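Here the protein sequences come in this chain order: X and Z.
Convert by adding 206 to the 1-based position in the first sequence; the result is the number in my numbering.
Convert by adding 349 to the 1-based position in the second sequence; the result is the number in my numbering.
It should be emphasised that the hints constitute simulated quantities derived from the structure, not laboratory data.
Mixed in with the good hints, there may be bad ones.
[Unchecked claim] Calculated lysine to aspartate or glutamate pairs in the EDC-like style (CA-CA distance at most 20 Å, straight line):
id	chain 1	residue 1	chain 2	residue 2
1	X	Lys527	Z	Glu691
2	Z	Lys421	X	Glu326
3	Z	Lys557	X	Glu326
[What the hints assert, rightly or not] From the derived model, a few chain Z residues whose C-beta atoms are all more than 10 Å from chain X:
id	residue
4	Gly424
5	Ile484
6	Ser739
Keep in mind the model is a prediction, meaning the values are calculated, not measured.
Where a beta carbon is used, it is the ideal one built from N, C-alpha and C, also for glycine.
Listed below are the residues making up each chain.
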Amino acid sequence: MSSFSTRWWVAVDWIEEVIREGRRSVDELEVFYVEGTSVSADLKRKNVNLATTSRECGLGIRTIHNGRIGSSSTNDPGTWRDCLAAAIASGKLATAQTWSGLPDPVSLPASPLSFDPALECDPGLARDLLGQMLEGAAEHPAEITAGSASLSISSETLANSHGIRYRDHYTGVSLSLEAIERQSTGYEFDHASSLKDVDPRNVGEKAAFFACKSADGKDIPTGDYPVVLSPLAYAELLGNVFVPALNGRSVHSGRSRLAQSLGETIADPRITMYDDPLLPRASGSTWWDAEGTPTRRIDFVRDGVLRTFAYDLKTAYRYDKKTTGSAVRGGFGGLPAIGHHNFIVDGERENILDERVIYIHNVVGAHTANPMSGDFSVEISNAFWMEDGGFEEPVRSAMMSGNVFDLHKDIAGMSRETRAVGSLILPSIRLNEQRIIGK
Amino acid sequence: MPDVKYYDLRHVTGQVTHIDIDNGIVESAGTSFFNKAVLRVLDRTGWGIIQIDNFTPCTGRKFEDLIQSARKLAGITEEIVELGEVPHGILPVPPLKEDPRAVSIEEKSALLAEIEEAARHPLVTNRRANYVERIEQVRFTDSSANEYSYEMCRSGFNVLAVASQNGNVQMGFEREHSIHGFDLRHRQDAGKSAAEIAVSLLDAGAVKGGKMRAVLDPELAGVFAHEAVGHASEGDLISEGNSVLKGRTGEKIASEILTIVDDPALSEFGFDPVDAEGTKVLRTEIISRGVVNAFLHTRESLAAVGNGIAGHARAMPGEPPLVRMSNTFIENGDAKKAEIFEECKNGIFLAGSRGGQVDPGRGIFQFNAEYGYLVENGECTKMIRDVSLSGEILSTLHRITLCGNDRKMSPGYCGKGGQSVPVSDGAPHVLLLDAVVGGSGLD
């Protein structure tokens, strides 16, 4: 850790200068600085075709003056004076709003939540992870088409003119493998903050399994079927439609179907949905959000009832709400905006595979769902008739149509197993009457 | 000169100016800066690649050290990568009709506000307009002493209207992005149109899923060309064995009226003056009169696969190049729009696009229309919403039986391998038989 502490002081030194300089022109300012390294190795068929290292750094500055918020960013910290000037100029264009200040510092635990000190950005390690995925894939006769293993270490620094000086460290490992058997494809992935939480052999085995098992699928007639959506298929629908509708800014500006539903039952009463930013080793975990608000659990849906929306400072001040610590940043260049840390769907768990169902591993085209109404029609992939938890006949090709909001009222059960798909942590869900359009 | 088989360096600096207006409020507006480079080295086996933020151009010992680091990194690769011989050269960047840098951000903001204001309607609950202007200075150099530098400016706007009535929420969307310069003046029509679509969709019905005849408008037919054919013809996927078009050069997979092209030299939103590894860009006829003609290639995939044309390497700043589409389109046929509707007789007309996705190895694609109409007796009747189409590449292409003569290109972005690059897609109106339509309607 000594290298981190050295760089911390180097970082702080010029960040203090940015804040001192900025304070001469604006009421408040916030400085965000990220730096990181990563290494990755990619397969082309079964051979390692390329190896990449990257060094990234980025500076984002946000200024607030008379309720006007300005921002700018650069990945050349040496030009911070230009970046600061651009942020101040930007603030002059923004519409003024009610603003009651950036957060003050509080004492937060120093131990990082998603950091593995054993993880190194070592190309040899990336190659070994690819090798383990290939070993797993060898259990089935599918051809490997592509794969990737990457390792990353980064640190984020947040400082503001109220005295916040936070710094945190993050690590990540991510794996993926693609396989094909004749005209049937399989894809699997895994990601975690710690090496011991990924299972490369399983990624390889599953990718090859799905490619082989989906070959020779049969068509099915159009109708309503009992289906189980895997966490991956569920994540596609939830992440593209449902989660954005909980965003407080979308709610107050008329872009959310859930806007009028506070206190109403919007899901099966067994379902609870919450953001847990403090889950150890989860990929979105953090002690403080992107504008320095200490994070805490947010219960969006409890027993099927919608309880709250997500807020950052800007939206909370504007609509007389409290921030939920939900500010996140899309890279250093992004302004803090409302998002989530680890979005979890939970509730009563059971065996949902005891009756004959169509198991849908993934869907194609969920980003084309209507984000306002929630209506979707997507192609299904790696779908199977499943009996007693065993993969039986594969379904060749079909579409699935429905409404992401409405289907939550029809969830007939949640699996005991959960899986992290990006920052969503989800079970499989069962729907008893889901429209499938055959070909 | 460094002692390696091949290297190239692509360094991109630039700035992005954005304005975001939401229900009359300027949420944010301003300029950010970036500086990114990527160095690729090929020696005995595969690629060693170094991505560098905040790159300072260097020569001599310092550059040699970078090359050696990349070469060392390549030590873990196994595949022996060969590069195809390609023509080099750079096209002139089309001049800007009005340079956005000559317009103050205050004026831009005022013009954008007019577009946003034009979406006002009693049933519209949210109006949102965004302006984005991205200026990139690109410098490319390789181990064969090819050197190019150019500047590209892409700018444009999106306007969204959300209409709401009795719990029904619908949206209308218009966008205009261009390489030809500033384009915010007198564009209130876009805001008005977004609002009209959103409000009309409140009364639209859901379509019952199943097989039917479909007329696709130029924007949606362009997305069809991009998803159903473009991706599957990318040389990297062909060489990985992950495309149903592999090994089909010379095979007839579509009716004779169908020709599909990718042309990075065309002055549309996907224009590249030179590709991301210094290759001259050329029009590539992927499908020629129904026959698989040429794949899209980088130098690496050209050497591995052949049967196609290089010059299709594209990359985001600081990212390694991938085989990508640029301006992809279905060539004009000779049918008139009225004939296409007449031939459709009973079916659906689909317009606009909310995007699409393809699994090229499986040969299955999906894409979604913004709105549509039932076609009854050759006439558009009831408006419909949330219609997706899915299909199999190899069987669907035979089912395009009429192409109009009114091709139009639409700008957009295409994602692959975590990189998003500007593209345009286009087509004339086309008739697609036996379209598999997904919708949640019951009758």
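These are the hints, each one checked on the structure:
Under the criterion of a C-alpha separation no larger than 20 Å, the hint pairing X:Lys527 with Z:Glu691 is inconsistent with the structure, at around 57 Å. At most 20 Å may separate the alpha-carbon atoms for a hinted pair to count; Z:Lys421 and X:Glu326 meet this at roughly 17 Å. The hinted pair formed by Z:Lys557 and X:Glu326 fails the criterion: a straight-line CA distance of about 53 Å is larger than 20 Å. Interface exclusion of Z:Gly424 from chain X breaks down, the closest Cβ pair being 8 Å apart, not more than 10 Å.
Chain X leaves Z:Ile484 outside its interface by the beta-carbon criterion, the shortest separation being 14 Å against a cut-off of 10 Å. Against chain X, the non-interface label of Z:Ser739 is violated: not every CB pair exceeds 10 Å, the least being about 4 Å.
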